[in-house]
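Q: Using the sequences provided together with the hints, build the complete structure.
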Amino acid sequence: MTDLDRLWSEMLEEALNAARASGRGDVAEYLDLKTKNDAMRRTSIRWLFESITELAAEANRELAMITIDREDPHNFEHLGANIVGTLMKLRYGVRCLTVEAGWTRTPTDGFMRGGALAIAKLTHFGMAKMNVELALKPASEVPVWMATYQDGSSIEVDPEFLRSHFAIFIGS
3 MTDLDRLWSE MLEEALNAAR ASGRGDVAEY LDLKTKNDAM RRTSIRWLFE SITELAAEAN
63 RELAMITIDR EDPHNFEHLG ANIVGTLMKL RYGVRCLTVE AGWTRTPTDG FMRGGALAIA
123 KLTHFGMAKM NVELALKPAS EVPVWMATYQ DGSSIEVDPE FLRSHFAIFI GS
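Positions 3 to 174 (our numbering) are the ones given, in order, by the sequence shown.
These aren't lab readings, by the way, just hints derived from the structure by calculation.
Just to be clear, a hint being listed does not mean it is correct.
Below, in silico cross-link-like pairs of lysine to aspartate or glutamate (EDC-like), each with a Cα-Cα straight-line distance of 16 Å or less [said to hold, decoys possible]:
id, residue 1, residue 2
1, Lys139, Asp40
2, Lys139, Asp160
3, Lys91, Glu73
4, Lys36, Glu12
5, Lys38, Glu16
6, Lys131, Asp153
7, Lys123, Asp160
8, Lys91, Asp71
9, Lys139, Glu158
10, Lys91, Glu56
11, Lys91, Glu52
12, Lys123, Glu79
Beta-carbon label-pair distances, calculated as ranges [unchecked claim]:
id, residue 1, residue 2, range
13, Ser156, Leu35, 24 to 30 Å
14, Gly117, Thr45, 14 to 20 Å
15, Arg165, Lys91, 14 to 20 Å
16, Glu31, Glu79, 28 to 34 Å
17, Asp5, Asp34, 21 to 27 Å
18, Thr55, Asp28, 38 to 44 Å
19, Glu60, Gly112, 34 to 40 Å
20, Leu65, Ala23, 53 to 59 Å
In this text the structure is predicted, and so the values were computed from the model without any measurement.
Beta carbons are placed, not taken as given, at the ideal position from N, Cα and C, and that holds for glycine.
A: Set out below in structure tokens:
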């Protein structure tokens with residue numbers, strides 16, 4: 003969690019306590035929901051980045067030479083909205099896999115379409131047809147990442163899905 007995220011969480015907690023103390027149950031309910039959604043977003047994005055980092059570490063034990071650069075905070079555009087989050091670039095020779103993930107933080111950032119809690123992009127340098135967008139969607143207990151391809155098809159993201167994109171990245 004970045005310093006900005008930590009400060010934002012503290013400010014939300016203070017606002018939640020103030021709303022409860024002043025009898026504003028509606029505001030307190032909204033802030034409580036926002037706090038829970040932000041925690042789910044952070045956890046899901048952490049899973050995404052840790053899973054890909056684990057695949058890179060596994061491949062480095064055999065192949066070596068995969069480098070990882072990370073940028074946090076990072077902004078990227080998605081359907082007109084400003085998404086604030088993290089960028090990770092994996093490089094293997096001339097190959098590059100870029101992973102971006104985050105969510106809109108303020109009203110001026112716009113909104114995420116389709117009821118998404120967070121957005122992510124997997125971008126394969128030089129292989130645009132392999133690029134995929136991910137949306138974190140609410141589910142029964144735990145939200146799920148759903149991948150949407152350029153042809154409009156979509157599937158649930160699981161470790162095998164990530165492994166298949168990593169295999170494209172390393173060319174196997």
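Q: All hints, please: hold or fail.
A: Evaluated hints:
1. Under the criterion of a C-alpha separation no larger than 16 Å, the hint pairing Lys139 with Asp40 is consistent with the structure, at around 13 Å.
2. Between Lys139 and Asp160, the direct Cα distance comes to roughly 14 Å. Compliance with the 16 Å bound is thereby established for this hinted pair.
3. Restraint check for Lys91 and Glu73: the C-alpha separation of about 9 Å stays at or below 16 Å, so the hint holds.
4. Restraint check for Lys36 and Glu12: the C-alpha separation of about 13 Å stays at or below 16 Å, so the hint holds.
5. With a C-alpha separation of about 15 Å, the suggested pair Lys38 and Glu16 falls inside the 16 Å cut-off, and the hint holds.
6. Only pairs whose Cα atoms come within 16 Å are accepted, and Lys131 paired with Asp153 is accepted, the gap being roughly 9 Å.
7. Among the hinted pairs, Lys123 with Asp160 is consistent with the structure: their alpha-carbon atoms are about 15 Å apart, no more than 16 Å.
8. The hinted pair formed by Lys91 and Asp71 meets the criterion: a straight-line CA distance of about 5 Å does not exceed 16 Å.
9. Taken as a hint, the Lys139 and Glu158 pair is honoured in the structure, with Cα atoms around 10 Å apart against an allowance of 16 Å.
10. Distance restraint check for Lys91 and Glu56: the Cα-Cα separation of roughly 14 Å lies within the 16 Å cut-off, and the hinted pair is therefore satisfied.
11. Distance hint between Lys91 and Glu52 is fulfilled; the C-alpha atoms sit about 13 Å from each other, no more than 16 Å.
12. Between the alpha carbons of Lys123 and Glu79 the distance comes to roughly 10 Å, so the proposed pair stays at or under 16 Å and holds.
13. At roughly 26 Å, the beta-carbon separation of Ser156 and Leu35 lies within the given 24 to 30 Å, and the hint holds.
14. At roughly 18 Å, the beta carbons of Gly117 and Thr45 sit within the given window of 14 to 20 Å.
15. Checked against the hint of 14 to 20 Å, the C-beta distance between Arg165 and Lys91 comes to roughly 19 Å, which is consistent with it.
16. For the pair Glu31 and Glu79, the beta carbons lie near 31 Å from each other, so the given range of 28 to 34 Å is met.
17. At roughly 23 Å, the beta-carbon separation of Asp5 and Asp34 lies within the given 21 to 27 Å, and the hint holds.
18. A C-beta distance of roughly 41 Å is found between Thr55 and Asp28, which places it inside the suggested range of 38 to 44 Å.
19. For Glu60 and Gly112, the Cβ-Cβ distance of about 37 Å falls inside the hinted range of 34 to 40 Å, so the restraint holds.
20. For Leu65 and Ala23, the Cβ-Cβ distance of about 57 Å falls inside the hinted range of 53 to 59 Å, so the restraint holds.
Violated hints for the displayed structure: none, as all numbered hints are satisfied.
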